[in-house]
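Each chain is listed here by its residues.
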Amino acid sequence: MTENTPESGPKRNLGIHIDRVSKGFATPDGTRTSVFENLSISFEPNQLHVVMGTSGCGKSTLGYLLAGFTTPDSGSVTLDSEPVKGPSPERLLVFQETALWPWMTVLENVIFGPKVRGEAATKTLKTTANELLAKFGLAEFSNRYPDQLSGGMKRRAEIAQALINRPKVMILDEPFRGLDVMTREILQEYYLALFEETRQTTVFITSELEEALFLADKIYIMGGQPTQIVDIINVDLPRPRNFDVTISKEYLAYKEKAIHRLFQSEEK
Amino acid sequence: MFINEYVDDGHYWLSWLTSFQRVLYGFLFAQLLGIPLGLFFGTNDRFRELFFPVFELLRPIPPLAWVPMSILFWPTNESSIVFITFIGAFFIIVINVFEGVRSIKREHLWLALSLGASRPAVFLRIMLPSVIPSIAVGMTLGIAITWDVVIAAEMIASDSGLGRLTWEGYVSSTPEVLVIGMISIGLAGYLSTKVVNVIERKMMPWRRIGR
Numbered sequence: 001m002t003e004n005t006p007e008s009g010p011k012r013n014l015g016i017h018i019d020r021v022s023k024g025f026a027t028p029d030g031t032r033t034s035v036f037e038n039l040s041i042s043f044e045p046n047q048l049h050v051v052m053g054t055s056g057c058g059k060s061t062l063g064y065l066l067a068g069f070t071t072p073d074s075g076s077v078t079l080d081s082e083p084v085k086g087p088s089p090e091r092l093l094v095f096q097e098t099a100l101w102p103w104m105t106v107l108e109n110v111i112f113g114p115k116v117r118g119e120a121a122t123k124t125l126k127t128t129a130n131e132l133l134a135k136f137g138l139a140e141f142s143n144r145y146p147d148q149l150s151g152g153m154k155r156r157a158e159i160a161q162a163l164i165n166r167p168k169v170m171i172l173d174e175p176f177r178g179l180d181v182m183t184r185e186i187l188q189e190y191y192l193a194l195f196e197e198t199r200q201t202t203v204f205i206t207s208e209l210e211e212a213l214f215l216a217d218k219i220y221i222m223g224g225q226p227t228q229i230v231d232i233i234n235v236d237l238p239r240p241r242n243f244d245v246t247i248s249k250e251y252l253a254y255k256e257k258a259i260h261r262l263f264q265s266e267e268k
Numbered sequence: 269m270f271i272n273e274y275v276d277d278g279h280y281w282l283s284w285l286t287s288f289q290r291v292l293y294g295f296l297f298a299q300l301l302g303i304p305l306g307l308f309f310g311t312n313d314r315f316r317e318l319f320f321p322v323f324e325l326l327r328p329i330p331p332l333a334w335v336p337m338s339i340l341f342w343p344t345n346e347s348s349i350v351f352i353t354f355i356g357a358f359f360i361i362v363i364n365v366f367e368g369v370r371s372i373k374r375e376h377l378w379l380a381l382s383l384g385a386s387r388p389a390v391f392l393r394i395m396l397p398s399v400i401p402s403i404a405v406g407m408t409l410g411i412a413i414t415w416d417v418v419i420a421a422e423m424i425a426s427d428s429g430l431g432r433l434t435w436e437g438y439v440s441s442t443p444e445v446l447v448i449g450m451i452s453i454g455l456a457g458y459l460s461t462k463v464v465n466v467i468e469r470k471m472m473p474w475r476r477i478g479r
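So the protein lines, in turn, are chains A and B.
Under our numbering, the letters of the first sequence match residues 1 to 268, in that order.
Under our numbering, the letters of the second sequence match residues 269 to 479, in that order.
If you're looking for bench data, these hints aren't it; they were derived computationally from the structure.
As the structure is a prediction and not an experimental result, all values here were calculated from the model.
Glycine residues also receive a C-beta, built at the ideal position from the N, C-alpha and C atoms.
Listed below are several chain B residues computed to face chain A (Cβ distance under 8 Å; list not exhaustive): (1) Leu379; (2) Leu381; (3) Ser382; (4) Ala385; (5) Ile394; (6) Trp474.
Construct all of the structure, not just a fragment, from the sequences and the given hints.
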């Protein structure tokens, strides 16, 4: 890491920087297990970063550290050189399992953020939210309750609920897990199109290689005990991408290379 | 016929009114005090550590065990019956609301906090609606128990109400009155549950629609 001082204006360290972070948990038998020790990662702005690892390796903990739901035992997490001190609308996380509030309609869920911060009149917010929902193919569902939506619709509503706040970073924690393959692929294309249009800085957590390769600019492979980044793969597949890319020679070459490296990292 | 004459009698309908009033007051006071107390237990660690043990000590005491003390300490017979009815529903409601607070999904709270909600906003817009289903469960259980308790209390410590009426049927060896009393109690409990169900559905519009 360079020794930039945070206040040095143009030299500001943009993006998210995890700097020598350690994080452990108390176990039921009274001991502590260490999830991360001296973990350092940098996520540059306007990139789609995919974090990959097996279940239980601490992927969600990483997401929670970025979102500010949990704090490191030591080390620091910064966004654009500002230390992450707690949850903030600048860093929004889409949860693994739906976190839409079931007692609010889709529209009420989506406008919650700007409304609770008093950013605009409810009427204006509703217009904005409805435009956003229409973009996500949910125009007719804005007055429904979340439990009336399918799994894929809920996911889209949640992404809209985050995006209306114009976060600096979107963190998605295995957002499409548990959906059927068709829905999953549609949502992947959806998010990809959105990213390619807005270049929304994204940290996308997954355990699926195909998903990672299809979406990512950069894949970070987590592994080891305590968890470290054991490998980084730059995915230079051309953008905009669509599902045709997954049968291209380049993609398959990446896949072969990635599988190879995943095996290596498993053995570490 | 006996039933017609009996039911036409003012005494019979007065018994209905009396019992209903007792259930209503006992139930309402139990909600009014029980819901905030359950919320306090769920949200304030200091308060819970201090008072929950006391609460847990009082909770296993059956409502009817409160009868003698309540007659001693409450100024009127009416207020002591209402108090016993209140006791019947109170503990159940507190426990349900408390459990409701504890089972709020942390993701629901985290999401609100990350979207910039203040603590009062989180309480009003996330925590409170989260516990509404638990409040509803407390209401359903509470209304059934208040009827249990009011009838028993009337039999042992009151000279009015449907419980007393049924008891009179036994004492005066008129089985007809006894049967009328029992059926009336069943009907009263059924009607109360229906009313509570309607209120619950109004409280949870998001649950009304089929999935």
